[in-house]
Amino acid sequence: MAQIFHRSTNFISRFSVFSFLFLVGLALVGVIAVARSPYMTRQNITREQPVQFSHKHHVGDDGIDCRYCHTSVETSAVAGIPPTKTCMNCHSVLFNTASYLEPIRESYRTDKSVEWVKVHRLADFVYFNHSIHINKGVGCSSCHGQVNQMPLVFQANTLLMQWCLECHRNPEQALRPRDQVFNMDWKAPDNQVEIGKKLAEEYKIQTVEQLTSCSTCHR
Amino acid sequence: MDSMREHEQHDPIIRRHEDDAYATGAVQDERMKASNVLDHPLDLAAVREKLQSKTGKQYWRTLEELAEDPDFEELLHREFPRQAPSEWDESVDRRDFLKLMAASLALAGLSGCGRTPEPHIVPYVKQPDGLILGKPQFYATVMPFGADAIGLLVESHEGRPTKIEGNPDHPSSLGATNVFTQASILNLYDPDRAQTPSNVGEIRTWSAFLDFAQAIAAEMKGTDGEGFRILTGIVTSPTLAAQIESLLALYPKAKWLQWEPAAGDGPREGAKLAFGNYVNTVYRPEKAEVILSLDSDFLGSGPGHIRYAREFSRRRKLDQYTETGRRGAEMNRLYVVEPTPSVTGASADHHLPLCSAEIEAFGRALAGKLGLGGSVPAPPAATECANAVVKDLQKHKGASLVVAGEQQPAEVHALVHAINAALGNVGRTLIYTESVEARPTNHLESLRELCADMDAGKVETLVMLGVNPVYTAPHDFDFTSKLKKVSNLVHVSSHYDETSEYCQWHIAESHYLETWGDARAFDGTLGIIQPLIAPLYHTHSAREVLGAFSDKPGVSDFEALRENLKAANPAADFEKFWRKTLNDGVVAGSAFAPINVTLKFNSANLPALKSASSGELEFLFRPDPCIYDGRFANNGWLQELPKPVTKLTWDNAALVSPKTAEKLGLTHEVAWRGGEHGKIYSDVVDITLSDSKVTAATWRLPGQAEGVVVLPLGYGRKRAGYTGSNKGFNAYAVRSSNALWAVTAPSSAIRKTGEDYPLACTQYHFSIEGRQILATGTLEEYRKNPGFAHEHAEEPPKDLSLYKEYSYPGYAWGMAIDLNSCNGCNACVIACQSENNIPVVGKEQVTRGREMHWIRIDRYYQKAKSATNDPSSYDASLDNPPTFFQPVPCQQCENAPCEEVCPVGATVHSAEGLNDMTYNRCIGTRYCSNNCPYKVRRFNFLRFQDWETPQLKLLRNPEVTVRSRGVMEKCTYCVQRINNARIETEKQNRPIRDGEIVTACEAACPTEAIVFGNANDPSSRVARLKAQQRNYKLLGELNTRPRTTYLAAVRNPNPELEKA
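Heads up: the sequence lines are chains W and C, in that order. Counting from 1, position 182 in the first sequence corresponds to residue 181 in numbering that gives the first Met the number 0; the numbering is continuous, with no gaps. Counting from 1, position 1059 in the second sequence corresponds to residue 1058 in numbering that gives the first Met the number 0; the numbering is continuous, with no gaps.
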């Protein structure tokens, strides 16, 4: 009996099997790449806000300290978005007729909150605490980037778990002297690892085992 | 209620008819189709035989387990027993199911591709002073409850109360709470609450009601308020009382009547009988060496019980005794004589079941023996006990205490007053004060008077405040038909209930967390009710409604409270006093001073005892331990809470002793479907009392007196709300005014209907397989051999393990639970549910063993020690077994079996020894729970949480993830509290102090049975407890090295009674 399949079928079948596996692999890589892309993490994307508030102007040009608005950053889990009252402290006098600021004045008049679009967004099952990071010498700009140069705030990092773990596994990378925490222009010195290790000891940073326990962030 | 809206399916098998009867007909067939039932009922004779043949200490939880019924054992072993119908709905066949699954999977994959919408941040316009975003605040308040008020500290997250803790400065709390206070927060957010004033069911404004009330007020000025009646429960609030009194002064012919259905008149009338006037009794159990309870559940219910439980347990702590001093270890001794086992009875060193009528005889015999006159013999079964008790009491004159139960008649209370006086206890172990009630009265007579007046047409306007008499009034008063003769009816209540239906005006009542007010505690201490949140709806307080009828309507609760307080406390600087009082939650030094009373009672002058004829049954009415008189019926947490002794959920049942059940031919059968182990088909009976009938399921309760049938109140409500309506049977339907608490009837009062009804019981879920899980002993045994708990346990050496050895150089969190202190009150279970956002699953799911409580309380019975070959000795172990409770949270094993089998690393060890559970990683294989020897992992088989109802979103603790379907969850030692404490202390650059982290269960515990802390610190409380010889590990032989350990229970029986 003659062979039903031509010899070349061997190649074609092998090729199909391998290309199928390759395609599945490629698709997986694609899915993961999309999931980690700025499209999904929204890294580097600015948002339309009710008032196009400029951190560059307020922090960079005017030199207002982070804590003037984000009052609870040293004491609480959340840094705190300022109440309308905080805006009005200055803007009842400055630019108090600018149409640009009407939503703020309206909020103050009507006692209705301004609804800001959230930029830095963690999953609900992550229990991040600002105060402990600030108190242990992790600066604002380590996570938020140089906000003083952002006319509109965007997320400077991926905020993926992998990114969190980079520091939790090697805390010495990100530690700075406590007086530099709110310095937006701080740059890691060349001997950062050396200094970081010293600071970790001084600040009694927990062991890596503790920092990478699941319940440190998830509960 | 949580999830009930979505997931509680009405029981598909037997539905209840409107008239409380059970559906018949196809029921049996359908049941057989739906599930397999053990094909033979339990043989009690076999149980006894088994009991007799055993030696040594044995514990059992269910009668079936005791009988070693092979079918029952197989049922427990197999998650999917042979021939059990499959888990899912059979109407969809496998092929269609796969098709549907494939399609859903494809669609689910597509829907997962989108990005989630942008969330918004909504800051304050003006941030309140003192509020730090993200940090909870605590406010002191009190929860009024009957003749008591429990001091609380309520946790508030950005203005919404989320969790209730006890106020350590308040005398009735001392920092602890009970199930009602813990669960009351769910009542606040109950979506079924009435939300506006209404007139005949139509929404009205408050001002419309004010107009109506003022019109009546104008009319009453001419008539002096004739025909005006106010009906309340017990009032301990001076401000509310002042409002009522001012109305009564304005309208001299108006009357104030009171009806509290589940608190007896016995204590009040007993005091009047003994002393000539109403006085309040405050116990000091801490000072008592010997305590006798005559049907009193003073550790589990009634005014002051949280404090009493703490004081009582302090005298049973053995941890203060050092290694050498152990021989001299001392404990108090508790005798409990009661008809039906209670939390107090389960803690007793000697428990004697006697029917309610015999309790008075027992009291009289005691009085006689103590030389107080009268010579009634003790009931035959109690003679020996009575003699021993008398001896013991006489030995401890001035350091003993006799307590009578709330449901006991006035005579028993008067006897007890006389006995305490004769023993010299007054001023030592108990004090008398003036009554904490604003106007103590006989409630039954009060309601009778109201009914008579209504019947005679004397009542024109009736204002009912927070009461539900249509449901709770004795049936022979025929309250509803009399209500129809009243022209103006105003009802104030939190829900539109049975009574509201009959009233023109219904005013939605504010929750205590929404109003200003005050209330006196059991010892007279005045506490301030401080609102935590503005009223969620258009609700008003009882005082405001009364104010509407006065000449000064519109005075706010806040103003009234301050005025009243100012008048009573003319302090120089009122503002300072006010701020301090608000901060503390109590008015300093407001506890009533002890008063001197003179006994005007001679027990010899009591009329002869009515002898109970034999062959009769005694029916008792008792408030339900979970939903009380019915007021908590719509609270899903309390409905699903296993009742302390019976472990039933979602239903009440007529409780009978096993012996009586045998006589009446009552049985129950265990059924299963899929993996369900909690469905018990119980015989249904018709109970006919005083020409009224109710149909009830029955339940056999070891430890109950023979011939006693207990009918728990509070169930069978018609209009409680979504969760509470039509659950269980209504015992009020057979409760008549001449027998409020106990009634004897011939055995023909109970008639089997031949049907059965599925009850959900949580004590059938797992089998102990004869393992040594519980360790108990007597004080004598403990003195001789403090390490008795380790006798049966072989603990493997530390290096014998296949698991990698870890070291814990920093904190090593651990927990010690003192079984000697635990009385099974359940406060920890609800506290945990509230703290950790634990859902309610519904009765159907409980019958499948799927309740979600992270901490469960197992109840064990001990086989009687003196079991010999004498056939008469078996009874004691079945009819009156010593009862023990064991709370079981996650044991946080160091060698955790669950961690080894998780394929995705969702449960792993933390550096501090916690057995972390990462919900976002869990894919729901359930391998971990299969591998857990303690059965403490809970799986979300369905989406039990209610994610839609807006009110319930306010309830959630923002510190804990709300879990979804397909996720395993379990106790984490309240890791959110650990983390917060760690962060705070690290910021202060210091280690965490002992006691700084208090888990939710530990905080709620009235008896300080649960202690949490750092086991690495030898000076911590938990390490000191773990160092005790009583300390043992649950299933230590498995080498799981649990961090939660137990201290063996020690009882202090009277050697005289032991010998016999």
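Where hints are given, some of them may not hold.
Listed below are the simulated SDA-like cross-link pairs for lysine to any residue, each with C-alpha atoms no more than 20 Å apart in a straight line [claimed, not checked]:
1. C:Lys-134 x W:Glu-200
2. C:Lys-986 x W:Arg-13
3. W:Lys-84 x C:Pro-127
4. W:Lys-84 x W:Tyr-126
5. W:Lys-84 x C:Glu-157
6. C:Lys-1025 x C:Ser-735
7. C:Lys-134 x W:Val-50
8. C:Lys-125 x W:Pro-81
9. W:Lys-196 x C:Glu-985
10. C:Lys-125 x W:Thr-109
11. C:Lys-134 x W:Asn-169
12. W:Lys-84 x C:Gln-126
13. W:Lys-117 x C:Gln-771
14. W:Lys-84 x C:Glu-985
15. C:Lys-986 x W:Lys-84
16. C:Lys-134 x W:Leu-20
17. C:Lys-125 x W:Val-77
18. C:Lys-134 x W:Thr-109
19. C:Lys-134 x W:Ser-36
20. W:Lys-111 x C:Gln-771
Label pairs and their in silico Cβ distance ranges [stated by the list, open to error]:
21. C:Val-554 x W:Thr-211: 57 to 65 Å
22. C:Lys-98 x W:Asp-110: 50 to 58 Å
23. W:Asp-110 x C:Val-554: 54 to 62 Å
24. W:Leu-121 x C:Glu-574: 42 to 50 Å
25. C:Trp-946 x W:Asn-43: 46 to 54 Å
26. C:Val-554 x W:Lys-111: 27 to 35 Å
27. C:Val-554 x W:Gln-145: 57 to 65 Å
28. W:Lys-186 x C:Ala-101: 49 to 57 Å
29. W:Leu-121 x C:Arg-94: 52 to 60 Å
30. W:Asp-110 x C:Gly-923: 17 to 25 Å
31. C:Gly-904 x W:Arg-177: 32 to 40 Å
Keep in mind that the hints were calculated from the coordinates and are not lab data. Just so you know, even glycine gets a beta-carbon here, dropped at the ideal spot from N, CA and C.
Do the hints match the structure? See the list:
1. At roughly 29 Å between alpha-carbon atoms, Lys-134 (chain C) and Glu-200 (chain W) are farther apart than 20 Å, so this suggested pair is violated.
2. Between Lys-986 (chain C) and Arg-13 (chain W) the CA atoms are separated by roughly 63 Å; this puts the pair beyond 20 Å, and the hint is violated.
3. Between Lys-84 (chain W) and Pro-127 (chain C) the alpha-carbon distance is near 11 Å, which keeps this suggested pair within the 20 Å criterion.
4. Of the supplied pair hints, the one linking Lys-84 (chain W) and Tyr-126 (chain W) is violated, its CA atoms being roughly 28 Å apart against a limit of 20 Å.
5. Proposed proximity of Lys-84 (chain W) and Glu-157 (chain C) is supported: the alpha carbons are some 17 Å apart, at most 20 Å.
6. Restraint check for Lys-1025 (chain C) and Ser-735 (chain C): not satisfied, since their Cα atoms lie roughly 53 Å apart, outside the 20 Å limit.
7. Annotation: proposed proximity of Lys-134 (chain C) to Val-50 (chain W) is violated, straight-line Cα distance about 28 Å (limit 20 Å).
8. A threshold of 20 Å between alpha carbons decides the hint, and for Lys-125 (chain C) with Pro-81 (chain W) the separation of about 9 Å falls inside it, so the pair holds.
9. A threshold of 20 Å between alpha carbons decides the hint, and for Lys-196 (chain W) with Glu-985 (chain C) the separation of about 18 Å falls inside it, so the pair holds.
10. Our distance criterion of 20 Å between C-alpha atoms is met by Lys-125 (chain C) and Thr-109 (chain W), whose separation comes to about 12 Å.
11. Taking the CA atoms of Lys-134 (chain C) and Asn-169 (chain W), the gap is about 29 Å. The hint is violated against a cut of 20 Å.
12. For the given pair, Lys-84 (chain W) sits about 8 Å from Gln-126 (chain C) by alpha-carbon distance, which is consistent with the 20 Å threshold.
13. About 55 Å separates the Cα atoms of Lys-117 (chain W) and Gln-771 (chain C), which puts this hinted pair outside 20 Å; it is violated.
14. For the hint pairing Lys-84 (chain W) with Glu-985 (chain C), the CA-to-CA distance comes to about 32 Å; that exceeds 20 Å, so the pair is violated.
15. With a C-alpha separation of about 29 Å, the suggested pairing of Lys-986 (chain C) with Lys-84 (chain W) is violated against the 20 Å cut-off.
16. This hinted pair does not check out: Lys-134 (chain C) and Leu-20 (chain W) have alpha carbons roughly 52 Å apart, beyond 20 Å.
17. In summary, the hint linking Lys-125 (chain C) to Val-77 (chain W) is supported, as the alpha carbons are separated by about 18 Å, within the 20 Å threshold.
18. Annotation: proposed proximity of Lys-134 (chain C) to Thr-109 (chain W) is violated, straight-line Cα distance about 27 Å (limit 20 Å).
19. For the hint pairing Lys-134 (chain C) with Ser-36 (chain W), the CA-to-CA distance comes to about 34 Å; that exceeds 20 Å, so the pair is violated.
20. For the given pair, Lys-111 (chain W) sits about 63 Å from Gln-771 (chain C) by alpha-carbon distance, which is inconsistent with the 20 Å threshold.
21. With their beta carbons about 60 Å apart, Val-554 (chain C) and Thr-211 (chain W) fall inside the hinted range of 57 to 65 Å.
22. The hinted window of 50 to 58 Å between Lys-98 (chain C) and Asp-110 (chain W) holds, with their beta carbons roughly 55 Å apart.
23. A C-beta distance of roughly 27 Å is found between Asp-110 (chain W) and Val-554 (chain C), which places it outside the suggested range of 54 to 62 Å.
24. Distance hint check for Leu-121 (chain W) and Glu-574 (chain C): the Cβ-Cβ separation is about 44 Å, which falls inside the suggested range of 42 to 50 Å.
25. Separation of Trp-946 (chain C) from Asn-43 (chain W) is about 32 Å and departs from the stated range, judged on CB atoms against 46 to 54 Å.
26. At about 32 Å, the CB distance of Val-554 (chain C) to Lys-111 (chain W) agrees with the hint of 27 to 35 Å.
27. A C-beta distance of roughly 59 Å is found between Val-554 (chain C) and Gln-145 (chain W), which places it inside the suggested range of 57 to 65 Å.
28. Between Lys-186 (chain W) and Ala-101 (chain C) the CB atoms are about 55 Å apart, so this pair conforms to the stated range of 49 to 57 Å.
29. For the pair Leu-121 (chain W) and Arg-94 (chain C), the supplied restraint of 52 to 60 Å is violated, since their beta-carbon distance comes to about 44 Å.
30. Our hint of 17 to 25 Å for Asp-110 (chain W) and Gly-923 (chain C) is violated, since their Cβ atoms are close to 46 Å apart.
31. Hint check: Gly-904 (chain C) to Arg-177 (chain W), Cβ distance near 35 Å, so the stated range 32 to 40 Å holds.
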